[in-house]
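Residue numbers (our numbering), protein chains in the order written: chain E, 1 to 97; chain R, 98 to 567.
These are calculated hints, taken from the structure and not from any lab test.
Among these hints, one or two may not hold up.
[Said to hold, decoys possible] Below, a list of computed lysine to aspartate or glutamate pairs in the EDC-like style, where the Cα atoms sit at most 16 Å apart:
1) R:Lys494 with R:Glu535
2) R:Lys532 with R:Glu380
3) R:Lys474 with R:Glu535
4) R:Lys331 with E:Glu56
5) R:Lys143 with E:Glu32
6) R:Lys241 with E:Glu14
7) R:Lys223 with R:Glu327
8) R:Lys273 with R:Glu309
9) E:Lys53 with R:Glu492
10) E:Lys17 with R:Glu146
11) E:Lys53 with R:Asp487
12) R:Lys149 with E:Glu32
13) E:Lys11 with R:Asp249
14) R:Lys200 with R:Glu564
15) R:Lys331 with E:Glu97
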Amino acid sequence: MSNGLTNLRIKGIERGKRVYIIVNGKKTEAYEGETVASALWAAGYKKFRTSVKNRENRAPLCGMGVCYECLVTINGIPNIRSCMTYVNNGMEIETDE
Amino acid sequence: MNKKYDTIIIGSGLAGINAANILSAYNLKIAIIDENHFSGGQYLRKLPENFKSNLIKYTTKIKKEGLKLVKKLQNNKNINFYQDSTVIGIYDNNKLLFENNGKAELIQGETLIIATGAREKYLPFKGWTLPGVISAGALQVFLKSNGVLPADKILIAGTGPFLYAVAYETLVAGGKIQGIFELNGFFKQIPFGFGLMRAPTKIIEALVYMEEILRRWTKLKYGWKIIRAEGDGKLEQVMLAKTDSKGDTIKGSEKTIKTNLLATGFGFIPNIELINMINGETEYKKELGGWIIKVNDELETSIEGVFSAGETTGIGGAEKSVIEGMLTAYSILKKMGKIDSTLYSKIVGKLKKKRNNYLKYAEYLNIVYSINDTHYKTVDDETIICRCEDVPLKEIKNAYQNGFKSLNSLKIFTRSGMGNCQGRTCGPIITEIIKSYEKGKIPEQFKIRKPAKPVNISSLVRFYEEEVKE
Numbered sequence: 001m002s003n004g005l006t007n008l009r010i011k012g013i014e015r016g017k018r019v020y021i022i023v024n025g026k027k028t029e030a031y032e033g034e035t036v037a038s039a040l041w042a043a044g045y046k047k048f049r050t051s052v053k054n055r056e057n058r059a060p061l062c063g064m065g066v067c068y069e070c071l072v073t074i075n076g077i078p079n080i081r082s083c084m085t086y087v088n089n090g091m092e093i094e095t096d097e
Numbered sequence: 098m099n100k101k102y103d104t105i106i107i108g109s110g111l112a113g114i115n116a117a118n119i120l121s122a123y124n125l126k127i128a129i130i131d132e133n134h135f136s137g138g139q140y141l142r143k144l145p146e147n148f149k150s151n152l153i154k155y156t157t158k159i160k161k162e163g164l165k166l167v168k169k170l171q172n173n174k175n176i177n178f179y180q181d182s183t184v185i186g187i188y189d190n191n192k193l194l195f196e197n198n199g200k201a202e203l204i205q206g207e208t209l210i211i212a213t214g215a216r217e218k219y220l221p222f223k224g225w226t227l228p229g230v231i232s233a234g235a236l237q238v239f240l241k242s243n244g245v246l247p248a249d250k251i252l253i254a255g256t257g258p259f260l261y262a263v264a265y266e267t268l269v270a271g272g273k274i275q276g277i278f279e280l281n282g283f284f285k286q287i288p289f290g291f292g293l294m295r296a297p298t299k300i301i302e303a304l305v306y307m308e309e310i311l312r313r314w315t316k317l318k319y320g321w322k323i324i325r326a327e328g329d330g331k332l333e334q335v336m337l338a339k340t341d342s343k344g345d346t347i348k349g350s351e352k353t354i355k356t357n358l359l360a361t362g363f364g365f366i367p368n369i370e371l372i373n374m375i376n377g378e379t380e381y382k383k384e385l386g387g388w389i390i391k392v393n394d395e396l397e398t399s400i401e402g403v404f405s406a407g408e409t410t411g412i413g414g415a416e417k418s419v420i421e422g423m424l425t426a427y428s429i430l431k432k433m434g435k436i437d438s439t440l441y442s443k444i445v446g447k448l449k450k451k452r453n454n455y456l457k458y459a460e461y462l463n464i465v466y467s468i469n470d471t472h473y474k475t476v477d478d479e480t481i482i483c484r485c486e487d488v489p490l491k492e493i494k495n496a497y498q499n500g501f502k503s504l505n506s507l508k509i510f511t512r513s514g515m516g517n518c519q520g521r522t523c524g525p526i527i528t529e530i531i532k533s534y535e536k537g538k539i540p541e542q543f544k545i546r547k548p549a550k551p552v553n554i555s556s557l558v559r560f561y562e563e564e565v566k567e
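Using the sequences plus the hints, can you model the full thing?
Dropping the structure here:
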């Protein structure tokens, strides 16, 4: 899950409060104000969902709630647009395995 | 009980907030619905309130004014902001059903303004479904709204001035750009200079971006297109090639670049689904970005009492949206008899003049940075067109050759447009592909039904239980 960078969060930006989200059972760092999509991407996740027919890896495309490629399960509710949802402490997220 | 408003504005972008500003000053009761958590639309995107950054050195005047206006309106007692609210449907041309925080809500308005903005346009290529291929807009969202640089090295390709804006933001954030590959040839872009003369503030903006891009010796290529993206489960490399003036690929010019992130931007298309849902008129105007909502000089649609402002009436940028937002407000005030006719004529005369100027700018923008039919005609058969339902071009082509010529019949036959995004991504692509086969003839659009976007059934159940059942 390496992007060639240890931290994709931009240096020189002071962030909101640090929180922890649970991604596929793993405690993951995030910051209040970030979308789930950004927090997942910054943590190195490149597979958000699996496409319905070809079972391909999919990840955010439009970033603004149009394309539905970034769907994940949040607190048990499936098909949530991660780009339109904001992180909060203890939020449980599942990506397609 | 349904809440009643004088005007319901769908979309809190520059058009929406500028309409609300004027209407509320005349004591009209306004509801603004927006799917986003924040007001201001895509153009006013910024870091969350609890973030601090000193990286951003340049902000356009129109953005500064817009942000100020959002702040001002938030304390206005005549305006009710419904953020995080996704529209489900419009009923009887005056009622709006939307989902907010797990529950549907119904509100009613004397008049309606559709200011739903635009979304990204795509020219698909083999492998564009790989994680790591994102839209230029998504790159901007990562940078501007989340303070995340999505990769250490970024490749930018597509067409239009937006590429430079995104490149600038990437560089300012400390990112490295592997190149900006513009689809249209360098000389083809010269006429855009005439367009810029109609929007002088944009010249300053362009200079700020270009200064940063050139100062970092960023590679700029003109007349290049993406051939394909490749990788095992995620993007690893991109093949590009030079094209001739007709748009055909020049053999032997192919070049492969290793990258984890490709941001593509091919311009924008209006979000016109809501007017289609209520059977209002639309028209296809290449010079305004494709299918747009048809409006008269007062920005009223073919449905009385329903207005539209901003990118929905033609892709023309922030200034046009501001002016159109104001113009719809005055049209509504006139319709409701709330404004003196001399004052109205004086203000509206000026606004219409400004609008015409920005429409001219829009024409330059959309024509200079248009995508030649050849590019759509030569999309590889294996390319996935409908990403939600995994429909490759060959299946759509096959159906088309067997007589399925409209988007709706293709949808029924191939499932393209039947997934979660409801054809928002593939619809405009299929339109352009068929147009390229039919020598410019535009196919019939998708029929839009409710819900406008997927809605959780429990939201509707809660609405029924609490509001309807009694």
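Verification of the supplied hints:
1. R:Lys494 with R:Glu535: 12 Å, holds
2. R:Lys532 with R:Glu380: Measuring from Cα to Cα gives roughly 15 Å; hence the hint holds.
3. R:Lys474 with R:Glu535: Judged against 16 Å, a Cα distance of about 10 Å means the pair holds.
4. R:Lys331 with E:Glu56: 10 Å, holds
5. R:Lys143 with E:Glu32: 14 Å, holds
6. R:Lys241 with E:Glu14: Holds, because 13 Å separates the two Cα atoms, which is no more than 16 Å.
7. R:Lys223 with R:Glu327: Given that 16 Å is the threshold and the Cα spacing comes to 8 Å, the pair holds.
8. R:Lys273 with R:Glu309: Since the Cα atoms of Lys273 of chain R and Glu309 of chain R sit roughly 12 Å apart, the hinted pair holds (cutoff 16 Å).
9. E:Lys53 with R:Glu492: Holds, at roughly 14 Å.
10. E:Lys17 with R:Glu146: 11 Å, holds
11. E:Lys53 with R:Asp487: Holds. Lys53 of chain E to Asp487 of chain R sits at ~6 Å (cutoff 16 Å).
12. R:Lys149 with E:Glu32: 13 Å, holds
13. E:Lys11 with R:Asp249: 12 Å, holds
14. R:Lys200 with R:Glu564: Given pair Lys200 of chain R, Glu564 of chain R holds - Cα atoms ~11 Å apart, limit 16 Å.
15. R:Lys331 with E:Glu97: Between Lys331 of chain R and Glu97 of chain E the Cα gap is close to 14 Å, so the pair holds against 16 Å.
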